Structure formats: C-alpha cells, structure tokens
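Novice: Read top to bottom, the protein sequences are chains A and B. To convert a position in the first sequence, counted from 1, into my numbering, add 45. To convert a position in the second sequence, counted from 1, into my numbering, add 45.
Just so you know, the hints here were simulated from the structure itself, not pulled from any lab data. Any given hint could turn out to be false.
Below, in silico cross-link-like pairs of lysine to any residue (SDA-like), each with a Cα-Cα straight-line distance of 20 Å or less [unchecked claim]:
| id | chain 1 | residue 1 | chain 2 | residue 2 |
| --- | --- | --- | --- | --- |
| 1 | B | LYS292 | A | GLN118 |
| 2 | B | LYS388 | A | GLY328 |
| 3 | B | LYS388 | A | GLY301 |
| 4 | A | LYS388 | B | ASP329 |
| 5 | A | LYS292 | B | ALA120 |
| 6 | B | LYS388 | A | GLU373 |
| 7 | A | LYS292 | B | GLN118 |
| 8 | B | LYS388 | A | ASP278 |
| 9 | A | LYS388 | A | PRO82 |
| 10 | A | LYS388 | A | VAL472 |
| 11 | A | LYS388 | B | ASP278 |
| 12 | A | LYS388 | B | LYS292 |
| 13 | A | LYS292 | A | GLY328 |
| 14 | A | LYS388 | B | ALA120 |
| 15 | A | LYS292 | B | PHE119 |
| 16 | A | LYS388 | B | LYS388 |
Model, not experiment: these values are computed from the prediction.
Given next are the chains, with one letter for each unit.
Number of protein chains: 2
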Amino acid sequence: MISALATDLYELTMAAGYWRAGLLEPATFELFIRRLPSRRSYLIAAGLDDALEYLEGLRFSDSERAWLGDLPQFAHIPREFFDDYLRTFTFTGRVWAIPEGTPVFAGEPLLRVTAPLPAAQIVETALLAIVGFQTNVAAKAARIVDAAQGRPVIEFGARRAHGLGASLAAARAAFIGGCAGTSYVEAARRYGIPASGTMAHSWIQSFATEVAAFREFSRSFEAFGVYLLDTYDTIGAATTLIEAGLKPPMVRLDSGDLVALARQVRAMLDRAGLRDTRIFATGDLDEDRIAEILAAGAPIDGFGVGTMLSTVADAPALSAVYKLVQVERHHERVDVVKLSPGKETWPEPKQVWRVVEGGRAVRDVVAAEDESPIPGATALLTPAMQDGRRVQPSSSLVTLQEHCRQSLAILPPAIRALDAEAAFPVVISDRLAAAGLSAKELHI
Amino acid sequence: MISALATDLYELTMAAGYWRAGLLEPATFELFIRRLPSRRSYLIAAGLDDALEYLEGLRFSDSERAWLGDLPQFAHIPREFFDDYLRTFTFTGRVWAIPEGTPVFAGEPLLRVTAPLPAAQIVETALLAIVGFQTNVAAKAARIVDAAQGRPVIEFGARRAHGLGASLAAARAAFIGGCAGTSYVEAARRYGIPASGTMAHSWIQSFATEVAAFREFSRSFEAFGVYLLDTYDTIGAATTLIEAGLKPPMVRLDSGDLVALARQVRAMLDRAGLRDTRIFATGDLDEDRIAEILAAGAPIDGFGVGTMLSTVADAPALSAVYKLVQVERHHERVDVVKLSPGKETWPEPKQVWRVVEGGRAVRDVVAAEDESPIPGATALLTPAMQDGRRVQPSSSLVTLQEHCRQSLAILPPAIRALDAEAAFPVVISDRLAAAGLSAKELHI
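With the hints as extra help, turn the sequences into a complete structure.
Specialist: Rendered as structure tokens:
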C-alpha cells in the first residue's frame, strides 16, 4: 500500500482549495510524454498495473490526516476537509489507458483520468512517477533486445537502480520490453519473471584457488553454472576450467576487449570439445555496445545488461506530464488548455487511433474521444478503471511482453532503428486542431 | 520492511554455495565508487541510515524460503539451507561507514561490512542500490545549492524520479546535500524536511478566469501563496495579479526566457509597491542553468529543481561497487584482490584519513584499517553497526545537512567548481600499495 501522502504538497493544497471553493465536479486529466528523448523514436507504455494498484489503495490514515492538518500551509482550511473529506476519501474515478506493452509516441495520452477535481489532482505525482519510469525502461529494453538480434538479454540492473523500488519496477518494465529474465529475485517472485544469475568475483576470491572455486560451483550449480572468467585473467581462467575437465554450460566475460576475448575463449572451448558451452557477456553494456560487438562478429550468445537499462542512463527522465483537459462547471463540460511557451496542451479528452495498412502501422491519429471511429484503425485507449475499480484483472507479464513484441513488429523498420531514422506520423484530428486554435484565441 | 529477496539471485546462490562448502567465517566487503562521474569532483555520502534499517530488518519469511527453495537453481542444495540456515538468518555483522553528508572521492570505502561470508554477500545488491543513489543525489544537490549562491533551492523532483521509492530517497538525499525543502509530502512527514509547494496550471485552468483562480488562492493560502504566472501569458498574469490588488508573497516563473521575464516581472512588482514579493523560478533547472541565470543578473530569489536533481540526469548512475577485501580461512585472515582490467581492487580492510591543514582539507589517505593514525587527520570511517545492531541512534537530517555544509566548506574552492577544475588528492598508503602489488604478482 502506498501512502496517500506520496504526492507533492501542491496537489494537496490545491485539493483543499478546490474543496473549499466547491469545485468537486469531475475533471479529466491526461498523462502524456511531451517529447521523445534524443535517439528514441518510440516509447513502450508500462506501469499501468502499478498505477491502478495505487489508485485502488488510496486512503489517508488518521495519523496522516492529523499530520497534514497541522502543516502551516493549511491554517486557513476548515477542519472539515481533514475530518470528513479526507477521512472518507477514496479514488472513485474512471481511467482509460493504452495497454502496457504498446509502442507510444510523443503527445499521445497514455492515461486519461476522470474523477472529482480534488481526487484527479492528488494522484498526479504518483501516476507520473510510476508510469513515466516504467515506460522509459520498457522502451530502453526493447532497443537493447533489438540490438541483441535474438540472443537473450537478462536485466541485471538492480544494484544501480535508484533504490530498491526502482530495481523492482525496472525488472518488471524490462521484461515487458522483451528481456528474457532478471537477476532481481523479488521481481522474479512477484511477477513470475525467470530469475537468472551467474557468480561474482567474490565467489572466486573466497576460495584458495580459482580452480577450487570453479569445482565447488560445479558441484552445486552444474546445470545453471555460469562461470565468471575475469577475476584474475580471462584466458587463464578458461584454461583452468578446461584443464579441470569441467563442462560449463556457460562462461561469463565481464571486462577487457569482449570481442577479442570471446573469439579466443570460443576457440579454446571448441578445441576442448566444449561446443555447447555458451558465452555470456556483461559489463556496462547498452544497445550501442551490443550492436558494435555483434557487428564485429563476436561469438557471444547472450547479454546481461544492468546500469544502462535500470537507470535508462542516456535518457533518465521522460518529459511525462499530466494535464487538465476538461472540467465541469455546474454540469457543463468546459475544455481547457495551457499556453505556456513550448508547453502548450490540446483541449478535450482524447482517443488515439492506430492506423494499420497491409499489416504495417502507418500513422496514429489523436482525436477527441467522441469523434467517429477511424475505419480500420484501433482505438488504443481502453477502459482500465470505472468507479475506482479495475474493469479487468491484471494481465500476466508474459502476455504484455508478447503484446509488445507483436506491436513492435508492425512498426516501420526505420522507427525501430537505434538512431531514430524517422518519426512515426502522429496526426492531430481537424476537430482537435480547431479547438486548440480557438482556445488559444480566447486567451490572447 | 524490505524483503530479503530484494537482492540479485547470484547473491543467494553464492550464499547457498558458501554454506554448503562450509565457508561461514567472517568476510569483509567494501562499498566504494570506482570513478567520479564526469564534471564531478566530489560526491556526498548518503543513504547509510536506510542501509542500516535494511540490515536490521533482514529476514526470510516462510513463504519466501519456500518459493526460493523451489527455484531450479537450488535443486542440488540440501534443504537444511532453507529450513535451518535461512529460517533463523539475521544480519549479525559489523559495519563501519563514512557519516552521511561527508564529501567523498573515488576509491574511498563508504561502507565496510564484516559478517559471515553468506550474509555479507546477500546484502550487496541492496546496499549498492540504497547508498549509490542517495550518494549521487546528495552530491547533485550540493552542486545546485552552490550554484544558487545562497538562494533557497527546493527539491521538486518526485514526479520524475524512478518510482515513488526513488522520490522519497531523492528528497532525503537532496536535503542532506543542502536543499531547503521538498515538495514530496511523504518525505516531509517521514524525515521532517520542510514541505513546500506552489500551484499547478490546473489550478488556474479550473476557474473560469485567471483572476478568479488567483483570488481564491489568496483566500486559502495567503501567507504561503506562490502564484504561477505562465498558464496563458506571464506578463498578462502579473498585470492581473497587480490590478486585482493582491499582495502575493511569491510568484513563480515556469517557462519562457526566465531572465527577461524575471526582470520584467520584478519591475512591474516594484512599480506596484510589491517590493516584498519574491520571484521563484522552475522549469528544467540544474546547476548550470541556475549559474547562467544568476550570471545574467536575473532578479530571482529561489529555485525549484525537479527532474535534473531527482534523476541526477547528467550522471544517473554511479560506478558503485561492493568488493571483497578479506576472508577468513580456518581463523586466518587472508587479503584478496580482483585484477580484472580497469576494475582492480586494493586488498585489506581500509580506513580513510582526511588531512586538514589551516582549516582546509588538503588530502585524503586510504590506509589499511590497522595502520597508525595520521597525526592531525580525521578517520572518516566510524562504527555504525556491531553484531547486527546500530551503535548509535539515527542523526536528524538537519544535523546531517549541517555536517555536509561544514565539510564542504573546508574543501579547496576548485573542488567545488561546477566544472571540476581539480581533483582532490587521494593517496594510497605505502603499505596498501605494496600489498596490492604483491597480490598482483601472486596471481600472474
């Protein structure tokens, strides 16, 4: 259960202000990514299930209300806000969302939240933090998996993630994006992701000799043994393994010139008849490094990717925002916009249509939610929560991963290139464009 | 309570393997940062208190043990490991640490952990994730606070952090590094950090007119009111505020040319007699942008920094590692090293001495822990945990922030420059250097 205080103070002061001003009618906010990070031509929607769990559990405990009411910022807020409104507060709203695993582009609402204005406001911070991070990691994972050209990529980033909550979320999102497993045990248990691991240098160091360490490892973990070679000297360790007569399922290279070492070790293993021993590589890898290594023809069979994936090191934050698009005033719906330079928003609740022609996604259309369906196009936003309750059970991560794989497969190849050779066309409907223009004129 | 499964699988398979091999004697690991990120000349130790809380709470629940024992990787591990060893497992070790808020440099152990080998191994992943992230954020905060030249910096990054756990940890570390407050309410409540907030564009949009939104805000939050000006047009909003006769304590600029707008708004406020109204700026700020804005003479009185701080956007991961330096074999202590290219380690448990001359820190010396004290120098590593229990209560964050401020103040000014004009001298003691050399010879 996440605390209801897991939000920014201004969400709570504004909620109190709305309540005091009687602004309790439904409002609609949309969560979207303003711009794609550099070198990205898509992101992968992720984090929805955790977001829904947060919304379902949202409550203010007695001690939280008492603490909050004592903050000086709330000195002029009538006590009924804390004693009545927040005491019985739950999230009773409606959420439409793009399913996890779907490729998404800048400006497309990933979530559309409709709830009484104070409630819709309070959840902003958590929704952004949950969905923004996982959407970023899932896309990074998809890029890395693409670069690995069918070789398994294992997520190894728990130790470098931004705390253990991030380790867990990163493992989840990385699996949706296509990783074959995770080293992070809590994620494996919670989400059913295959758990994977090797050995650390400390294993080797803990024994009097490297060969003793290898032999003991073989005794306990034969079928799952991934032998780390670089503690003292990679080629020396490979020689030791072979001379000891061990039959390692896999060896791990973690430092040095991975291409040259993989070739040398492959040749040594082959000469020793260990043709089934696979070579696994780790060590500050990302999609570019993997592409380079494979382009150089390195005989590497799988990759462990840590830091660069779990922190999305080249683009650690998305410009994820949550913007008001419609309020109700005396039961009248009013569309609203923001006109801040470089941060303008489109009014009205929206739907995103993905147009697929000949088995290939050709463009998305962002339209008002009540515009007519576009023939042959799929509506990406679907109901996720009604009256504060999920409308369907959580999907398994395997299902989400498969959805991601299939949805990526129909994108134009140029969109999946590591260097973002093209932008996927995202078109604003005529009605939305006109509404945006007239809203702008209204305020100038 | 953090799950004992909050670790990498290989920590648990190695622990099982050590247990099976009878390697239960104490081992010592050290946590350090291999290299400073680019443009950094120091980091700020942080996260220790959370790390100790994790160690104190470490247990395997029955269901965790059952789940773990069923993993195929453990098929050859005798059941006693799960049914006896893990059932009664607690962390009973000793931790020495550099206090939170202390500036630290590459290669210096921030934590030294001595515990039975399996236990010392299991905690690796969590210690790295907890301490690595907070150490990184605290340093980023210190840089930003330096750039603001005495103006308050508020941490606003919860929404862009890597999930809500990261939001909490970032707020904590940013305060240690010198931030004056946080927007993240849960962090304010848990750690006693001053909570701070403004208003969002949605507040303005929720009312029929901007002036109605300002008036209602004034009614509820007079003394704490920070009026956001850029929803439609910054200068127009400033005019509206003034013409409405409001007396805002503070206004917020969030987009556009902050320098030019701050000047214009300052002049408008002054002409209206609102000399006490302060100007607060936000919007993708970091230390460089703040330095630029202030160098241009912008009349800005405080800064809210979000994304760049809570994700440490320019250096989102430290090369934090946790390396075995000593094991015991049959009650004999044996120093160990790792020789992987570019990742070599120094053997032996260590102490870090900070030498201060004439009120100025002049160098650090990394020595073996049992070398004689260096006259006039301070030993940075001090006891934090003995037999699995803290040796002293947690310090308040205010105390840690003040310790940070004072410790930074005695660093050479060049070390605090945003562009890392110099590296702080960190010297390896003669004994350690000789031990490293002989260890290397032993393995070649």
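Novice: Now tell me, hint by hint, if it's right for this structure.
Specialist: Status of the hints after comparison with the structure:
Distance check on the hinted pair: B:LYS292 and A:GLN118 sit about 17 Å apart at the alpha-carbon level, within 20 Å; holds. A threshold of 20 Å between alpha carbons decides the hint, and for B:LYS388 with A:GLY328 the separation of about 11 Å falls inside it, so the pair holds. Our distance criterion of 20 Å between C-alpha atoms is met by B:LYS388 and A:GLY301, whose separation comes to about 10 Å. Simply put, A:LYS388 and B:ASP329 have alpha-carbon atoms about 12 Å apart, close enough for the 20 Å limit, and the pair holds.
For a cut-off of 20 Å, the pair hint linking A:LYS292 to B:ALA120 stands: about 18 Å separates their Cα positions. For the suggested pair B:LYS388 and A:GLU373, the alpha carbons sit about 60 Å apart, so the restraint of at most 20 Å is broken. Only pairs whose Cα atoms come within 20 Å are accepted, and A:LYS292 paired with B:GLN118 is accepted, the gap being roughly 17 Å. A distance of roughly 12 Å separates the Cα atoms of B:LYS388 and A:ASP278; the hinted pair therefore holds under the 20 Å criterion.
For the hint linking A:LYS388 to A:PRO82, the alpha-carbon distance of about 16 Å falls within 20 Å, and the restraint holds. Among the hinted pairs, A:LYS388 with A:VAL472 is consistent with the structure: their alpha-carbon atoms are about 18 Å apart, no more than 20 Å. For the proposed pair A:LYS388 and B:ASP278, the alpha carbon gap of about 12 Å is at most 20 Å, so the pair holds. As the CA atoms of A:LYS388 and B:LYS292 are separated by approximately 28 Å, the hinted pair breaks the 20 Å bound.
A hinted pair counts as satisfied when its Cα atoms are at most 20 Å apart, and A:LYS292 with A:GLY328 does not qualify at roughly 24 Å. Restraint check for A:LYS388 and B:ALA120: not satisfied, since their Cα atoms lie roughly 56 Å apart, outside the 20 Å limit. Pair hint A:LYS292 plus B:PHE119 holds up; C-alpha atoms about 19 Å apart against a cutoff of 20 Å. Using a Cα cut-off of 20 Å, the hinted pair A:LYS388 and B:LYS388 is violated, with the two alpha carbons roughly 44 Å apart.
Checked against the numbered hints listed earlier, the structure breaks hints 6, 12, 13, 14, 16; every other hint is satisfied.
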